[in-house]
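So the sequence shown is numbered by full-length UniProt numbering: it starts at 1 and just counts up by one.
Don't take each hint at face value.
Claimed, not checked - Derived BS3-like pairs: lysine-lysine, alpha-carbon spacing no greater than 27 angstroms straight-line:
1) K36 <-> K93
2) K56 <-> K93
3) K36 <-> K56
No lab work stands behind these hints: they were computed from the structure. Source: prediction; values computed, not measured.
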Amino acid sequence: MEDFLGAIERDDAAPADPALRALWLDARGEWDLAHKCVDQLSTPDAMWVHAYLHRKEGDAWNADYWYRRAGRPPHRGRLGEEWREIAEALLEKGLA
Numbered sequence: 001m002e003d004f005l006g007a008i009e010r011d012d013a014a015p016a017d018p019a020l021r022a023l024w025l026d027a028r029g030e031w032d033l034a035h036k037c038v039d040q041l042s043t044p045d046a047m048w049v050h051a052y053l054h055r056k057e058g059d060a061w062n063a064d065y066w067y068r069r070a071g072r073p074p075h076r077g078r079l080g081e082e083w084r085e086i087a088e089a090l091l092e093k094g095l096a
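Please model the entire structure based on the sequences and the hints provided.
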């Protein structure tokens with residue numbers, strides 16, 4: 001996880017995996033680009049990130065829709081906690 005966070009700070013190349021790339025872009029303040037990375041994807045990971053992005057945007061209805069599609073319960077904690085939870089889950093899969 002620390003390597004991933006360091007890559008964001010150093011402006012290293014974005015990860016190849018679209019869901020992880022979306023989190024990378026979101027952490028850099030690029031919400032629109034992050035959303036484009038996952039907008040047309042139907043993998044559970046991408047839909048989970050999609051849900052997070054809409055929750056961050058303040059669109060709870062849309063976020064809940066994507067949580068259901070991802071098979072995840074809606075996250076109600078802090079955004080930063082959810083971002084880290086998703087990033088850790090994706091990194092554990094070796095998607096970096």
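Results of checking the hints against the structure:
In summary, the hint linking K36 to K93 is supported, as the alpha carbons are separated by about 22 angstroms, within the 27 angstroms threshold. Annotation: proposed proximity of K56 to K93 holds, straight-line Cα distance about 24 angstroms (limit 27 angstroms). Note on K36 and K56: the hinted pairing holds, with a Cα-Cα distance of about 15 angstroms set against a maximum of 27 angstroms.
Checked against the numbered hints given earlier, this structure breaks none of them.
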